[in-house]
Structure formats: C-alpha cells, structure tokens
Amino acid sequence: MIDILIFFIGASLLLYVLLGGSDYGAGILELLPCGALREKRKHVINEAMGPVWEANHIWLILVVVILFNGFPRIFTTLMTALHAPMLALLAGIVVRGAVFTFRHHDAVQTGGSQRVYTLLFGCSSLWSAFWLGIIVASLNRGLIDPAAPDAHAAYIAPWAGLYPLALGLFAACIFLFLAGIYLIGETDDGALRRHFTRVAAAANVLVVASGGLVFAASTLEHESLPALFLRTPAALAALGLATLLCIALWAAARARRARHALVTRVIAGGQVTLILLGWWLLYAPNAMLTAAGPLNLYAEAAPPATLRQLVAALLVGSLFIFPSLFFLLRVFKTRGK
Amino acid sequence: MDNLTAARATMAFSLGFHIIFASIGMTMPLFMSAAHWLWLKKKNPVYLELTKMWMRGVAILFAVGAVSGTVLSFELGLLWPGFMRHAGAIIGMPFSWEGTAFFLEAVAIGLFLYGWKRMHPWVHWATGLTVGVAGFVSGIFVVAVSGWMNAPAGFEWLDGAAHNIDPVKAMFNRAWPHLSLHMQLAALQAVGFGVAGIHAFLYLRGKAPEVHLRALKIAMAFGAVASLAQPFAGHFAGRRVAQLQPVKLAAMEGHFETSRRAPLYIGGIPDEEARTTRWGVPVPGLLSLMAHDDIDAEVAGLDQFPREDWPPVAITHVSFQIMVGIGMAMALLGVLYFVYARRGRFPAWFLRVLVVFAPFGMVAIETGWVVTEVGRQPWIIHGILRTRDAVTPVPGMVWHFALFLVLYTALAIATVWLFKRQIQAVQNQAAQNRRAGQEQAAQNQTGQPA
Numbered sequence: 001m002i003d004i005l006i007f008f009i010g011a012s013l014l015l016y017v018l019l020g021g022s023d024y025g026a027g028i029l030e031l032l033p034c035g036a037l038r039e040k041r042k043h044v045i046n047e048a049m050g051p052v053w054e055a056n057h058i059w060l061i062l063v064v065v066i067l068f069n070g071f072p073r074i075f076t077t078l079m080t081a082l083h084a085p086m087l088a089l090l091a092g093i094v095v096r097g098a099v100f101t102f103r104h105h106d107a108v109q110t111g112g113s114q115r116v117y118t119l120l121f122g123c124s125s126l127w128s129a130f131w132l133g134i135i136v137a138s139l140n141r142g143l144i145d146p147a148a149p150d151a152h153a154a155y156i157a158p159w160a161g162l163y164p165l166a167l168g169l170f171a172a173c174i175f176l177f178l179a180g181i182y183l184i185g186e187t188d189d190g191a192l193r194r195h196f197t198r199v200a201a202a203a204n205v206l207v208v209a210s211g212g213l214v215f216a217a218s219t220l221e222h223e224s225l226p227a228l229f230l231r232t233p234a235a236l237a238a239l240g241l242a243t244l245l246c247i248a249l250w251a252a253a254r255a256r257r258a259r260h261a262l263v264t265r266v267i268a269g270g271q272v273t274l275i276l277l278g279w280w281l282l283y284a285p286n287a288m289l290t291a292a293g294p295l296n297l298y299a300e301a302a303p304p305a306t307l308r309q310l311v312a313a314l315l316v317g318s319l320f321i322f323p324s325l326f327f328l329l330r331v332f333k334t335r336g337k
Numbered sequence: 001m002d003n004l005t006a007a008r009a010t011m012a013f014s015l016g017f018h019i020i021f022a023s024i025g026m027t028m029p030l031f032m033s034a035a036h037w038l039w040l041k042k043k044n045p046v047y048l049e050l051t052k053m054w055m056r057g058v059a060i061l062f063a064v065g066a067v068s069g070t071v072l073s074f075e076l077g078l079l080w081p082g083f084m085r086h087a088g089a090i091i092g093m094p095f096s097w098e099g100t101a102f103f104l105e106a107v108a109i110g111l112f113l114y115g116w117k118r119m120h121p122w123v124h125w126a127t128g129l130t131v132g133v134a135g136f137v138s139g140i141f142v143v144a145v146s147g148w149m150n151a152p153a154g155f156e157w158l159d160g161a162a163h164n165i166d167p168v169k170a171m172f173n174r175a176w177p178h179l180s181l182h183m184q185l186a187a188l189q190a191v192g193f194g195v196a197g198i199h200a201f202l203y204l205r206g207k208a209p210e211v212h213l214r215a216l217k218i219a220m221a222f223g224a225v226a227s228l229a230q231p232f233a234g235h236f237a238g239r240r241v242a243q244l245q246p247v248k249l250a251a252m253e254g255h256f257e258t259s260r261r262a263p264l265y266i267g268g269i270p271d272e273e274a275r276t277t278r279w280g281v282p283v284p285g286l287l288s289l290m291a292h293d294d295i296d297a298e299v300a301g302l303d304q305f306p307r308e309d310w311p312p313v314a315i316t317h318v319s320f321q322i323m324v325g326i327g328m329a330m331a332l333l334g335v336l337y338f339v340y341a342r343r344g345r346f347p348a349w350f351l352r353v354l355v356v357f358a359p360f361g362m363v364a365i366e367t368g369w370v371v372t373e374v375g376r377q378p379w380i381i382h383g384i385l386r387t388r389d390a391v392t393p394v395p396g397m398v399w400h401f402a403l404f405l406v407l408y409t410a411l412a413i414a415t416v417w418l419f420k421r422q423i424q425a426v427q428n429q430a431a432q433n434r435r436a437g438q439e440q441a442a443q444n445q446t447g448q449p450a
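Listed in order, the protein sequences are those of chains Y and Z.
If you read the first sequence in the numbering used here, its first letter stands for residue 1, the second for the next number, and so on.
If you read the second sequence in the numbering used here, its first letter stands for residue 1, the second for the next number, and so on.
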C-alpha cells in the first residue's frame with residue numbers, strides 16, 4: 001500500500017519537474033534576449049504551454065494532497081519548518097499562473113502591458129524555480145528541528161545556507177534546459193529553433209556548472225554530497241549515466257532528422273529522471289532528515305484505512321486522468337496537421 | 001495583531017478570495033456550454049460570439065481560481081499544522097477526490113480553450129461541458145471537508161489523538177449534504193445573477209443588444225432556478241444546524257435565552273455582554289417553527305453553553321441576516337424573471353435592478369461562509385479541537401497575511417481591469433460588425449437593380 005503511494009509521489013514529482021519544470025523554464029527563457037524573434041518566441045511559448053499549462057501544474061497539488069492525506073506528520077513538519085520558502089514559492093506560483101493566462105487572454109495584445117506580463121512571468125518563474133530548489137535542498141540537511149530553542153533555529157536555519165542556494169540555482173538551470181529542449185520541437189522557424197538550441201546548450205553547461213556548485217557547497221556546509229554518492233553506487237551510476245547522456249543528446253540534436261525533437265526530448269527527460277532517481281536513492285525511504293533523525297515514509301504513513309482509500313482514489317482517478325491526458329497530448333502534440 | 005488572529009485573517013481572506021473564483025470556475029463553464037450548444041444547434045453566430053466571450057472570461061477566472069486553490073492546499077499546513085496533523089489522515093479523502101476532479105477539469109480546459117478546429121465540434125463541446133461538470137463535482141467534494149469540521153465523524157478521540165479512523169464515514173459526515181447543496185445552488189445563483197447583471201448593464205448601454213439579451217437569458221435561467229430552490233435548501237440547512245450545532249444556530253439567530261415559542265429576529269445587533277439582541281423585529285414562534293417544525297418547540301439559546309464555547313455572536317448573526325435577506329430578494333427576482341420571460345419582454349427597471357444586484361450573490365456567498373466558519377468558532381474541529389490549539393507555532397503570521405493582502409488585492413484589480421478591456425473589445429467588435437453589415441446591405445441594395 002505504502003509502496004503504491006511512494007510510487008505516486010515519485011511519479012508526480014517527476015512529472016512535475018519534467019512538465020511543470022519546462023513551464024518554469026519557458027518563463028526563465030523569456031527573460032533572455034533574442035532580438036527580433038521576441039514576438040514569435042512569445043507566440044510559440046503560448047501555443048506550446050497554453051493547452052497543458054493547468055494540467056502540468058496539478059502534479060504539484062497531487063503531491064501535496066498525497067502528503068497531507070497519507071503522511072500528515074511529514075506534511076506538517078515540512079510546512080512548519082519551511083514556512084518561509086513555501087510562502088515565497090506560493091507567491092511566485094500565484095504571480096506566474098495569473099500573468100501567463102492574462103498575457104494570452106488580454107483583449108489588448110499590443111503595447112506595454114504585454115511587456116509587463118512577460119517580465120513578470122519570467123521573474124516569477126525564476127523566483128519559484130529557485131525556491132523549489134531551496135525547499136528540496138532543505139529536506140536532508142538535518143537542520144529541521146521541531147524542538148528548536150529559538151525562532152531562527154526553527155524556521156530560518158533549516159533552509160538558509162550555501163547548499164540550498166546552490167540547489168536553487170541548479171533547479172533553475174535544469175528547468176531552463178528542459179524548456180529549451182522541449183521548445184525546439186514546437187516551431188518550424190529555423191532562426192527560432194537555433195535560438196532554442198543555443199539556450200538548451202548554454203543551459204546544459206550551466207546545469208553541469210551549478211551541479212558542481214551544489215557538490216562544493218554541500219561539502220563546505222554539511223555532509224559531503226560527493227561522499228554520499230560514492231557510498232551509494234546505484235545513485236552514482238544514475239548520475240554518471242545522466243552526465244554521459246549529454247553526448248547522446250547533442251549528437252541527436254546535431255543530426256537534423258525529422259524525429260530528432262522527440263529523440264532529444266526523450267534523452268533530456270531521461271537525464272532529469274536519472275538525476276531525480278539518484279537523489280531518491282541517496283535518501284530512500286526517508287522523506288527528510290530532522291535534527292531528531294530521519295522521517296521515514298513507511299514509519300510516518302497514516303493508518304491503513306486512510307491509505308486504502310487514498311490508493312483507491314489514486315487508481316480510480318488514474319482511470320480518468322491518464323486517458324484524458326493522453327487525449328490532450330494527442331490533440332495538441334501531433335504535428336504536421 | 002497576534003499570531004492566531006493573523007492566521008485566521010489569512011485563512012478567511014484566502015478562502016474568501018478563492019471562493020469567488022471557484023464559484024465562477026465551476027458554474028460559468030456550464031453557461032458557456034449552454035451557449036455553445038445553442039450555437040451548434042441553431043448556427044446563430046450570436047451564440048458563437050457569446051461562447052467565445054464567456055470562454056475568455058472563464059480562462060482568466062479559472063487561472064486565478066487555480067492558483068488561489070493551490071495556495072489553500074498549502075495554507076492548510078502553513079497555518080494549521082495542529083489541525084492537519086490529526087485531520088489529514090481522517091478527511092483527506094474528499095481532497096483526493098477533489099484533486100482528481102480538478103485534474104480532469106484542468107485537462108478539459110486546455111482542450112476547450114485551445115481545441116477550436118482541432119477536433120469534432122461536438123467533442124469540443126463535450127470538453128467544455130467537462131470543465132463545468134468536473135468543477136462542479138470538485139466543489140461538492142471539497143465542501144465535505146467543511147462539513148466534517150462542523151460535524152466531525154469517522155474517528156474516536158482519545159487523549160488528544162484520533163483512533164479507529166474511518167475516512168469513508170468522515171467524508172459522508174452529517175453536515176455534507178446540506179452544506180454542499182446550499183453551496184452549489186449559491187454558486188449557480190451568484191454567478192447567474194452576476195453574469196446577468198453585467199449583461200443587463202451592457203444591454204441597457206445599447207451596443208450589441210442581441211448578444212447581451214441572450215447572455216442574460218442563459219445566465220438567468222441558471223440563476224433564477226437556483227434562487228427559487230435556495231430557500232428550501234437553506235431551510236433544510238438551518239434545521240440540520242439546529243440538530244448538529246445548536247450553539248451555532250443560537251448565534252446565527254442572536255438567540256440568547258432558551259425558550260419555547262422562540263422568536264425569529266429580523267435584523268438586530270446581538271450584544272454579547274448584555275446577552276440580548278437589540279433593535280431586531282421579533283416574529284414570535286417562528287424560530288421554533290423553522291428549527292423544529294413546531295411553533296411551541298424549545299430552542300436552545302446561548303445560555304445553554306459555556307461562554308468560552310460561543311462563536312462571535314454579532315458577526316455570525318449579522319452575516320446570517322445579510323445572506324438571508326439577499327437570498328429572499330433573489331428568489332423574488334427569480335419569480336419576476338420568469339414572469340417577464342413568459343411575456344417575452346423585460347421592463348427597463350427590472351434590468352436596472354439586475355444590474356444593481358450583480359455583486360450581491362457573491363456578498364451572500366461570503367456572508368454565508370462567515371456564518372459557517374466563524375459560527376464554528378472557537379473550534380476548528382467542532383467539539384474536539386480548538387482553533388487556537390491548531391495554529392502554527394511560526395511567528396510573524398501578520399507578514400504572511402500582509403503578503404496575501406497585497407498579492408490578492410493586486411490580482412483582483414488586474415482581473416477587473418482585464419474584464420474592462422474584454423468588454424471594451426466586445427463592444428468595439430460589435431460596432432464594427434454592425435458597420436460591416438450595413439455596408440454589406442447597402443452594397444446588396446445598389447447591386448440588385450443591375
């Protein structure tokens with residue numbers, strides 16, 4: 001029962017990072033200069049993200065619901081110790097969710113308002129991606145302490161530090177990378193494709209660089225992440241494979257075959273999946289590390305009656321959701337109409 | 001502002017904000033589908049224009065509803081960890097079903113908004129209807145949580161913790177039926193009257209009168225039917241509250257002293273210190289009759305309950321009076337609507353009244369929620385857990401409140417501003433169409449003799 005829930009949490013997180021992540025990345029991407037292609041780029045992003053925007057966002061809500069229903073203590077510990085970054089993330093989500101839709105559906109499509117929307121969309125996407133990374137980093141630093149003596153130790157120390165900062169940057173870079181790769185296949189305009197390819201390549205370099213920063217920061221401040229990876233061969237293998245796949249990715253991107261958009265998407269998605277898998281393997285089955293020890297998903301699960309109905313809801317829900325999602329993708333993502 | 005007050009203010013404000021957009025998000029797609037159906041059946045382009053007009057409105061409001069709903073799912077833990085620690089495992093079930101319905105809604109809205117010309121017209125129509133139906137169902141589910149907080153069920157409470165949890169019993173708690181029925185009707189009513197009021201205003205301005213008249217008729221068909229059913233649903237809800245939460249009923253009615261043939265106050269301001277309701281007009285026996293079907297029945301007053309278990313009486317009573325007053329007026333307008341619709345003509349004064357009434361349905365929803373949730377105080381789980389024991393230990397909640405106050409005020413202003421632009425565009429488009437039509441007609445006339 002708990003395994004099914006863990007699978008759903010993992011799958012939802014993964015899909016949120018892959019799908020919601022490219023939405024974040026698209027926002028960050030719009031902050032980058034691209035000269036005369038600006039309007040066209042905005043149009044491509046509207047058309048590519050618009051239909052799937054709300055659906056991509058729900059994976060996060062699904063994680064929250066599974067957590068508070070199935071693992072209430074983990075949820076409340078998280079929401080208490082990480083109150084401030086959660087609030088920052090929420091503020092970003094509100095702004096970007098609103099302005100993305102406003103931009104597309106504003107009756108007046110010219111003039112300064114569009115520039116304001118785009119700027120707000122970009123900044124709030126970068127902001128939210130950053131805080132998402134900070135939250136993830138804070139889970140396993142061992143500084144979450146429900147019995148902390150003062151407010152600083154209880155509500156600020158868990159997330160303030162170099163390592164969360166580095167992981168925040170890393171998250172933003174990963175999202176930008178995903179968006180770049182995804183958008184290449186969303187347009188037939190050669191100049192715009194080259195622009196997206198350049199962004200993806202630069203983001204790939206940034207991912208590796210900020211990944212190095214994450215390693216360095218973790219070594220400086222708490223348990224060294226490289227040492228942890230070395231102790232967990234499977235995680236190391238996943239990370240290594242993700243890095244090696246860069247070669248395959250750029251080989252595929254250079255081969256300008258008709259289907260290469262799909263190939264590069266699959267490879268990039270696989271890379272990010274491997275990174276998340278590696279991260280999960282480092283800590284599984286602990287959801288977080290508190291000062292009093294790890295909070296284990298198996299130990300913190302709600303009573304069996306609750307888990308049974310939650311699993312039932314997820315399975316029955318999947319019967320509705322997956323066919324409809326499939327239909328959504330079939331309608332909008334089959335190209336060459 | 002102390003932490004508990006700030007947390008309560010934040011929750012009230014986030015819920016009060018979300019509920020407006022959620023109500024619109026779960027009912028307006030139904031109006032839109034009705035217009036869309038008429039377009040597909042009758043092929044009158046006015047209905048297509050209307051469908052697209054409402055679609056843009058739905059898109060904007062849905063987005064605000066979705067993000068403010070996300071905020072709420074986090075707020076439960078950010079503000080009330082002491083509640084969620086216990087409640088998460090018990091009452092998560094309706095949340096998971098609501099999540100499922102909302103997921104379907106989100107997929108459907110993507111399909112509908114961007115799916116014109118990409119699928120069979122009737123399939124496309126069905127995606128629009130799915131937005132409405134899934135939204136409506138998700139509303140029904142989520143109200144089960146409020147029902148459970150008011151009439152907790154499905155667990156045993158021992159030594160400050162829940163045992164023998166039964167999530168199914170918790171979900172099907174005794175307050176769910178009346179709360180969800182009351183809420184869903186209220187949403188149809190408020191949005192129906194709100195939309196009708198806006199279109200009545202535009203109709204009276206005289207630009208593109210045809211589309212606005214048809215819009216008004218569709219919206220009022222939903223709103224008027226709901227407003228006629230609502231007094232019955234409200235009465236049912238009141239009787240249930242009398243059984244489940246007599247202290248809340250006493251606060252709603254400003255009823256301080258237990259009595260037989262209890263009076264119902266129309267208006268009035270309760271004074272908690274003096275334990276009396278001033279300046280109200282009492283109707284003898286009506287409260288007994290309404291609550292227990294018997295004019296001589298005993299109705300428990302606030303004196304039956306320890307002072308520390310009273311909700312804020314004045315707020316609850318005044319909110320209740322406002323809600324009932326608006327509901328009654330809407331029922332009357334609903335009757336008048338059907339009278340004039342049968343005659344086939346709406347007098348201008350009636351349309352003006354509809355314009356004035358546009359925001360009042362939402363006022364009734366807000367005050368109704370104040371009755372439900374402020375009337376539940378001082379408990380967060382009625383009779384089990386006090387709100388003050390559930391609040392987050394994180395200090396500085398006043399800043400949390402300030403953040404959302406600023407954020408949501410900005411969002412509200414932006415939404416209103418966007419709607420002004422939408423309406424402007426519709427009016428310009430209509431004027432353009434008419435000019436084009438006239439030119440076409442002129443051309444036809446000059447062309448015909450030859």
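Keep in mind the hints are simulated off the structure, nothing from the lab.
Heads up, some of the hints might be wrong.
[Claimed, not checked] Heads up, simulated DSSO-like pairs for lysine-lysine below, C-alpha to C-alpha not over 27 Å straight-line:
1) Z:Lys42 <-> Z:Lys117
2) Z:Lys42 <-> Z:Lys217
3) Z:Lys217 <-> Z:Lys41
4) Z:Lys217 <-> Y:Lys42
5) Y:Lys40 <-> Z:Lys42
6) Z:Lys169 <-> Z:Lys43
7) Z:Lys169 <-> Y:Lys40
8) Y:Lys333 <-> Z:Lys117
9) Y:Lys42 <-> Z:Lys117
10) Z:Lys41 <-> Z:Lys169
11) Y:Lys333 <-> Z:Lys52
12) Y:Lys333 <-> Y:Lys42
13) Z:Lys52 <-> Y:Lys42
[Unchecked claim] Each pair of labels, with its calculated beta carbon distance range:
14) Z:Lys52 <-> Y:Leu119: 27 to 35 Å
15) Y:Leu319 <-> Z:Arg352: 18 to 26 Å
16) Z:Ala412 <-> Y:Leu262: 53 to 61 Å
17) Y:Gly190 <-> Z:Lys420: 38 to 46 Å
18) Z:Arg307 <-> Y:Phe326: 54 to 62 Å
19) Z:Arg352 <-> Y:Ala312: 47 to 55 Å
20) Z:Trp116 <-> Y:Leu119: 41 to 49 Å
Just so you know, even glycine gets a beta-carbon here, dropped at the ideal spot from N, CA and C.
Against the structure, the hints:
Restraint check for Z:Lys42 and Z:Lys117: satisfied, since their Cα atoms lie roughly 18 Å apart, inside the 27 Å limit. For the hint pairing Z:Lys42 with Z:Lys217, the CA-to-CA distance comes to about 16 Å; that is within 27 Å, so the pair holds. Proximity of Z:Lys217 to Z:Lys41 is assessed by CA-CA distance (about 17 Å); at most 27 Å being required, the pair is judged to hold. Of the supplied pair hints, the one linking Z:Lys217 and Y:Lys42 is violated, its CA atoms being roughly 38 Å apart against a limit of 27 Å.
Proposed proximity of Y:Lys40 and Z:Lys42 is contradicted: the alpha carbons are some 37 Å apart, above 27 Å. With a CA separation close to 49 Å, the supplied pair Z:Lys169 and Z:Lys43 exceeds the 27 Å bound. Distance hint between Z:Lys169 and Y:Lys40 is unfulfilled; the C-alpha atoms sit about 54 Å from each other, more than 27 Å. With a C-alpha separation of about 15 Å, the suggested pair Y:Lys333 and Z:Lys117 falls inside the 27 Å cut-off, and the hint holds.
This hinted pair checks out: Y:Lys42 and Z:Lys117 have alpha carbons roughly 22 Å apart, not beyond 27 Å. Restraint check: the Cα-Cα separation between Z:Lys41 and Z:Lys169 comes to about 44 Å, which exceeds 27 Å; the hinted pair is violated. Between Y:Lys333 and Z:Lys52, the direct Cα distance comes to roughly 23 Å. Compliance with the 27 Å bound is thereby established for this hinted pair. Our distance criterion of 27 Å between C-alpha atoms is met by Y:Lys333 and Y:Lys42, whose separation comes to about 18 Å.
At most 27 Å may separate the alpha-carbon atoms for a hinted pair to count; Z:Lys52 and Y:Lys42 meet this at roughly 22 Å. Checked against the hint of 27 to 35 Å, the C-beta distance between Z:Lys52 and Y:Leu119 comes to roughly 28 Å, which is consistent with it. The beta-carbon spacing between Y:Leu319 and Z:Arg352, approximately 50 Å, falls outside the hinted interval of 18 to 26 Å. Between Z:Ala412 and Y:Leu262 the CB atoms are about 43 Å apart, so this pair departs from the stated range of 53 to 61 Å.
In this structure, Y:Gly190 and Z:Lys420 meet the distance hint of 38 to 46 Å, their C-beta atoms being roughly 40 Å apart. Take Z:Arg307 and Y:Phe326: their Cβ atoms lie about 59 Å apart, and the range 54 to 62 Å holds. Z:Arg352 and Y:Ala312 have their C-beta atoms about 53 Å apart, which keeps the hinted 47 to 55 Å range intact. For Z:Trp116 and Y:Leu119, the Cβ-Cβ distance of about 29 Å falls outside the hinted range of 41 to 49 Å, so the restraint is violated.
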